[in-house]
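Place chain E on chain V using the hints.
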Amino acid sequence: MGVAQSWRTQSSRYRLAGSKCNECKNYYFPVTVVCSNCESDNLEVINFKGTGKLVEWTRVDEGASGFDHVVPYYFAIIQLDEGVRLSAQLVSVMDESKITDGMPVRMTFRKLMESTREGIIEYGFKAEPVNPI
Amino acid sequence: MSVGIEGYGVYIPYFRITVKEIARMWNDDHKTISKGINVIEKAVPDMDEDTATISVNAARNALNHSGIDPKNLEAIYVGSESHPYAVKPTAVTVAEAIGATPYMTAADLEFACKAGTAGMQMVFGLVKANEIKYGLAIGTDCAQGRPGDALEYTAGAGGAAFIIGNEAPIATLEGMASFTTDTPDFWRREGARYPSHAGRFTGEPSYFRHTISATERLLNKLNLNVEDFDRISFHQPNGRFPLSAAKILNIPREKVEDSLCVVKVGNTYSAASMVGFARQLDLAKPGERILLVSYGSGAGSDAFSFVVTDEIENKRDRAVLVDQYISRRKELDYAMYAKHRGKFVME
Chain V
1 MGVAQSWRTQ SSRYRLAGSK CNECKNYYFP VTVVCSNCES DNLEVINFKG
51 TGKLVEWTRV DEGASGFDHV VPYYFAIIQL DEGVRLSAQL VSVMDESKIT
101 DGMPVRMTFR KLMESTREGI IEYGFKAEPV NPI
Chain E
1001 MSVGIEGYGV YIPYFRITVK EIARMWNDDH KTISKGINVI EKAVPDMDED
1051 TATISVNAAR NALNHSGIDP KNLEAIYVGS ESHPYAVKPT AVTVAEAIGA
1101 TPYMTAADLE FACKAGTAGM QMVFGLVKAN EIKYGLAIGT DCAQGRPGDA
1151 LEYTAGAGGA AFIIGNEAPI ATLEGMASFT TDTPDFWRRE GARYPSHAGR
1201 FTGEPSYFRH TISATERLLN KLNLNVEDFD RISFHQPNGR FPLSAAKILN
1251 IPREKVEDSL CVVKVGNTYS AASMVGFARQ LDLAKPGERI LLVSYGSGAG
1301 SDAFSFVVTD EIENKRDRAV LVDQYISRRK ELDYAMYAKH RGKFVME
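Chains as they are written, first to last, in our numbering: chain V, 1 to 133; chain E, 1001 to 1347.
No lab work stands behind these hints, which were simulated from the structure alone.
Just so you know, nobody snuck in bad clues.
The calculated BS3-like cross-link candidates involving lysine-lysine, where the alpha carbons are at most 25 Å apart (straight line), are:
1. E:LYS1071 with E:LYS1088
2. V:LYS53 with E:LYS1330
3. V:LYS98 with V:LYS53
4. E:LYS1128 with E:LYS1071
5. E:LYS1071 with E:LYS1315
6. V:LYS111 with E:LYS1339
7. E:LYS1247 with E:LYS1264
8. E:LYS1339 with E:LYS1020
9. E:LYS1315 with E:LYS1133
10. V:LYS111 with E:LYS1088
11. E:LYS1315 with V:LYS49
12. E:LYS1264 with E:LYS1035
13. E:LYS1343 with V:LYS111
14. E:LYS1088 with E:LYS1343
15. E:LYS1330 with V:LYS111
16. V:LYS98 with E:LYS1330
17. E:LYS1071 with V:LYS20
18. E:LYS1031 with E:LYS1247
19. V:LYS49 with E:LYS1071
20. E:LYS1285 with E:LYS1255
21. E:LYS1031 with E:LYS1020
22. V:LYS20 with V:LYS53
23. E:LYS1264 with E:LYS1330
24. E:LYS1264 with E:LYS1343
25. E:LYS1020 with E:LYS1343
26. E:LYS1330 with E:LYS1031
27. E:LYS1264 with E:LYS1339
This is chain V alone, in the form it adopts within the complex (with noise of 0.2 Å):
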């Protein structure tokens, strides 16, 4: 992700900001500027509160290009209290086996990338569960 980028897409990754469509009142995470469900554009921004449930997690033992290093590492999607999905890494996992699909989990503030030692370091939410497991 080059800097320019980075710094535009800052408040969905850092405040988890996002769209709410004034007239159907559905929720969009990223942020958009069009309601898909009623094709309105009366939408305002709006920060996420953080806190929903785990959908679905997988186990990465063969990272990405950048991750090779971390894993393992989890991967979930998270369903939002408002009711939008995003996927997102699963971090404060103790015990692997007490990961349930269901689990009230918050999002955490937590480093996403860090191309190189010299460049940018790309800050995001990542979700933890809410009850240490």
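Then chain E, alone, in the frame of chain V:
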């Protein structure tokens, strides 16, 4: 209403390495070391945690506790000796992540382990001068100790955030005082990976002289005695120094013991005295008086006197307790610890 703490929050990573495991690596006697420094284990950041992430998570806990809108924060200072960038402030990442930008001021501070309390002093000054309504001061570190060095047994990770204002404080500020000299007990040169220290010199002319002098200065300023304080948090580079400082000042150790998070999370450097203060607030009752004294190598100490208000009970259920973070733990062996702390040269 007087100026004081509107809310606070801490964050401590959940990984731990024990003194026993580090001693195994270096063929040291862990019982002797653990007893000597009064530390059992220390917190280790995850591979994707640094001073910025810890600061953000502590700040979010402080915001929840205070109940204030982040847009009302007009100053954010982050004190640390492990800022992720040499040039680019940690404080702006914190400000952006908690939604406090753009009408505010921000800066990173450095003064070894007392940069966090230096931030508190600055915010207190701005609020007292009616320049701002609320400000946020954070002390955070992901401390590095050279492998095999005595510091490796204690160099931990953690952060503490304090929101300061004069609306509904849980503890009001009675006064503050400092003691500062050029005393080279601990340093890290530009570009150096690990800090250096002057061994035993870090004790008598450094930690004790500054901690005790700042405390005595504050007591004189406020016309108080050590008996007037119910709870105390001194800087805790290990679990022994704060108890020794208490003994010199004729303070019963019971008044200090509740602050000694260092025993289970290590020395969190800029956060250390502030995390201890947060734990004292977790346990405090209205009307109690708390003494907070930081120490930063180089060297200086900042001392503060607070009186807990009834408001602490109203906000109690919103606090994430320090003990919740201390009890959340997963042990690492030395190899995984070395990987977490980037001690392997990969390129």
